[in-house]
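**Student:** Below, each chain spelled out in residue letters.
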Amino acid sequence: MSAASTSPIIERGTTTSRIAAIAVAVIIALLAIAPQFLSAGAVDRMTALFIYVILAAMWNALAGFGGLVSVGQQVFFGLGAYFAIRLADTGLNPFASLFVAAIIVGVVSWPLSLFMLRLRNGEFAIGMWVIAALTHLLVNLDRLVQGETGTSLISLNVYDAGTRRVAIYWLALGSMTALLAILFGLLRGSTGAAIRAIRDNEDAAASVGVRVTGTKRLLFVLAAFGIGVAGALWLATSITFQPKTYFNVQWTAYMIFMVLVGGIGTFEGAILGALVFFLIETWFGGTGVWYLVSLGATAVLFSLFLPRGLWGTIEERFGLRLLPVGYRVILPGHAPADDGTAPSPEQTPLDQEKA
Amino acid sequence: MSNQIIQGILLGGYYALIACGLSFMFSVMRIINLAHGSLAVFAAFALWWLASRFHVSPFVGLLIVLPLMAAIGWALQRFLLERSARGGALLPILTTFGLAIVIDNMLFEQFGADTRSLAPYIGSLSYDSWEWPGSIYVGKLAVIMFATAVILLGGLQLFLTRTRLGRSIRATSEDPDTAGLVGVDARRANAIAAAIAMVTVGLAGAFLGMRATFDPYAGAPQLLFAFEAAVIGGAGSLWGTLVGGIVLALAQTLGAQVHPQGFLIGGHAVFLVVLFVRLSTSGLGLRGLLRLPSRSAS
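Quick note, the sequences are listed as chains P and A, same order. The first sequence runs 1 to 355 under the numbering used here. The second sequence runs 356 to 653 under the numbering used here.
By construction, these hints were calculated from the structure, which means they are not laboratory data. The beta carbon of each residue, even a glycine, is placed where N, CA and C say it ideally should be. Please note that the accuracy of each hint is not assured.
Claimed, not checked - To give an idea of the chain A side of the interface with chain P (calculated C-beta under 8 Å), a few residues:
1. L389
2. L449
3. L579
4. W594
To be verified - Stretch by stretch, here's where chain A covers chain P in the computed footprint (C-beta under 8 Å, at least three residues):
5. 31-38
6. 67-79
7. 133-139
8. 299-311
From just these sequences and the hints, can you work out the full model?
**Tutor:** Here it is as structure tokens:
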């Protein structure tokens, strides 16, 4: 008896998190049948929301967990759409080409990672931007794309509008769920410990034998693949492909906004951020330029005053853990102590990065 | 062809101008300011506004705009960068990126989507040229731009090595804590360095407006040019920036010869080639690429 009371208990979940897991399953099930009840416009908006969640989660995987801030992630978004156009042009089924395109994006990102991951911090950030700018120019050279005029995924038109809309909705919902599940599995598995160690202190992680580069590469390729899926799905919803729209740095700006506001380096934060962004866009998107100014200003304010974002702050304040990816050690006679899942206040996910 | 090479070299002067502020700030504060290009475009708009509204020649306008840029640099460091740098090396990237979005869209809100130029306000200077031997015509503006870059880089070098203030900035960039022990006020040194960097950005913005057109969203390409020139120039003295600017401009000129859309592709490609060569030979990663121009100056 006494042995049990003095040895620490290691928890992988809490009662809240078990309820949350059930809630997640119910929400996904509800979302799956939602098109029966929603208007066509609402189905389109929900599809956009799923794509935003993918973007936020993937950028968060890279920046929040891998410590790699990129301002060139639009390259994968654009390439996802471009490869889909290219594959559909060869006669492949348009829906199949969306996913083959994303796989190609993932494959392409691997050799790119060999090169780019040797850059540090800001240099990596702008280096990725240069890659995006160059890729945009090269895609413009393709005769099929006709420069900035762009082209369309015409082969989707064989499906009637209603079927197409619902099919894309389900594809987006399925992709989002699958990508989040992969990320969750990664973070909860043995790689997750390595990922969090790198997030907290890269040099220290390397010194205890964490394969820093390999782990970062995994996140880089996953993020590229996920954002490629998002780009291809966006193409499916909008049909037209104009390189300028897809290779626009605003996509990265949206990702940064969502993750900063939601909470960088927390699994739930990216989802919350995407939801916040979605609502802001729905309400204020029509105000044009001031909307963009306030997005930028909000990002600046969060980075200065609330760098852990909304979820990071909630988590810290209430010790809430909905989708726990870490371990919790409960020492007898102590309040639950955390591992690195919620860094203590002076250890924000970012401050351990070395210049 | 020799004509194009000379034009390319002179254009390199512009890239050196826009790059030197970026690498200067990075070497002192270890921050890459993603709002760099947007601030240059802001300066160009300020000059354009003075010229079109109050008929102030852009050269006279610089007397107003450069001090304004210095003040902006100081405030930027004090109120934004200082605070966000405390949160680690990644946070300033996000802060300055957000700032760039704010600046770009505010400019758009204020001035609309039209492309502008300062060329109409500088009289014949925008098209005057000198004839050099071999019937090569070089634009006067391009020569002035190149000379400004050389003078600015030389002046900055002298300032960092010969003056007390310059030495205190270098000391801060080496090691702020130790510099503090010997009586250097690191906060002040950083704020002054940011002010100086923004003055160079103001100058670059002026030349951007005079030699070409600009619009509210022209900041991003300027940032990329500045970054590329700084990285190609690499470690070493501030003069490396000039070499980097010239290499970038020549690659763009060559690219434009090969293909109508090759101008930008050529520039990005040479940047990646240089990066690749450097990464595969040094094995150090990029830690050293944008490193301290002032260090080897001593």
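**Student:** Taking the hints in turn, state whether each one holds.
**Tutor:** Consistency of the hints with the structure:
1. With a least beta-carbon distance of about 7 Å to chain P, the hint placing L389 (chain A) at the interface is held under the 8 Å criterion.
2. Look at L449 (chain A): its Cβ gets to within about 5 Å of chain P, closer than 8 Å, so that hint holds up.
3. With a least beta-carbon distance of about 6 Å to chain P, the hint placing L579 (chain A) at the interface is held under the 8 Å criterion.
4. A cut of 8 Å between beta carbons decides the hint on W594 (chain A): the least distance to chain P is about 21 Å, and the hint is violated.
5. Evaluation of the coverage hint for the region 31-38 of chain P: breached, as 0 residues show C-beta separations to chain A shorter than 8 Å, against a requirement of three.
6. Here's how the region 67-79 of chain P fares: 3 of its residues keep a CB closer than 8 Å to some CB of chain A, so the rule of at least three is met and the hint holds.
7. Counting residues of the region 133-139 of chain P whose CB lies closer than 8 Å to any CB of chain A gives 4, which reaches the minimum of 3, so the coverage claim holds.
8. Counting residues of the region 299-311 of chain P whose C-beta sits closer than 8 Å to any C-beta of chain A gives 5, which meets the bar of three, so the coverage hint holds.
In summary, the numbered hints that this structure violates are 4, 5.
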